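J.: For what it's worth, full-length UniProt numbering labels the leading residue of the sequence shown as 1, then goes sequentially.
These aren't lab readings, by the way, just hints derived from the structure by calculation.
Computed from a predicted model, the values in this text were never measured in an experiment.
Don't be surprised by glycine CBs; every beta carbon is placed ideally from N, CA and C.
Certain hints may be false.
Now the in silico label distances, taken between C-beta atoms and shown as ranges [as the list claims (entries may be wrong)]:
1) R63 - R191: 37 to 47 Å
2) R191 - Q99: 21 to 31 Å
3) I157 - T127: 24 to 34 Å
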Amino acid sequence: MKLISSSAMLDSSVPDLYRNIPGCTVSVFSLTSISTRFPISVNRVAGENILDLVQQLYSKRVRNEQILCFVGSVQEVHENCALIKSITKGAIIAYPLVQSQSAIDQEKLIEQGTLLFSTTVAETSLTFPCLKYVIDTGVINMPVYNIELERTELKEIIAAESTTKQRLGRLGRTQPGEFDALYNYAPGEQRKYPVPQICQSELVNIDFMLRKSRLLTDILDFQEYFPNKP
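Starting from the given sequences, assemble the full structure and let the hints guide the process.
T.: Okay, structure coming up:
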């Protein structure tokens, strides 16, 4: 039996778990860097208003070229779609791409939409046939458990380097592309990989579920399988 674990944003500590299994030999190899088929230009436009930039790109696009905008939350997706329609008096229509939509609905929106706003759902799982421009806000809204307040809060955090690379990688597949970053982070300001969700979650309910299960165990028994602490 062969087990292949693959992820573009996999923290380096996770593969180490598989290398420490008694009696199991794991081969380690380096994957050569993969370039895009077509060139991508990267523009740093920190402080630029996303809706102003959208209108600029929309006015210079040709034929069926698409614009994809990454924002921090589902609420921002819908707000920006409504705002661009209002500002342009219906001349520019934007479509939302969010996790709650079915795959069929997402495909239909991509087929008919020239301008799309999305969160992390569009980083890897969707294909854009005519994507020319990507605008990245460089932030993500994440639910984070606050130990002191004993509750989960929604916080805006800086996207990890692996996340921005994923967004950049949407371009250059069918034609040359342009990546516009609405940020200019200092070296070290971005994490290399996202913080594992289990390190930001409240685990009491999970612990109770384990205690009630047939395993008759608790979450402490799984500590050796956890990612490194953030």
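J.: Indicate, hint by hint, whether the structure satisfies it.
T.: Structure-based check of each hint:
1. Look at R63 against R191: about 38 Å separates their beta carbons, and that is inside 37 to 47 Å.
2. Our hint of 21 to 31 Å for R191 and Q99 holds, since their Cβ atoms are close to 22 Å apart.
3. Checked against the hint of 24 to 34 Å, the pair I157 and T127 passes, with Cβ atoms roughly 27 Å apart.
Consistency with the previously given hints is maintained throughout, with no hint failing.
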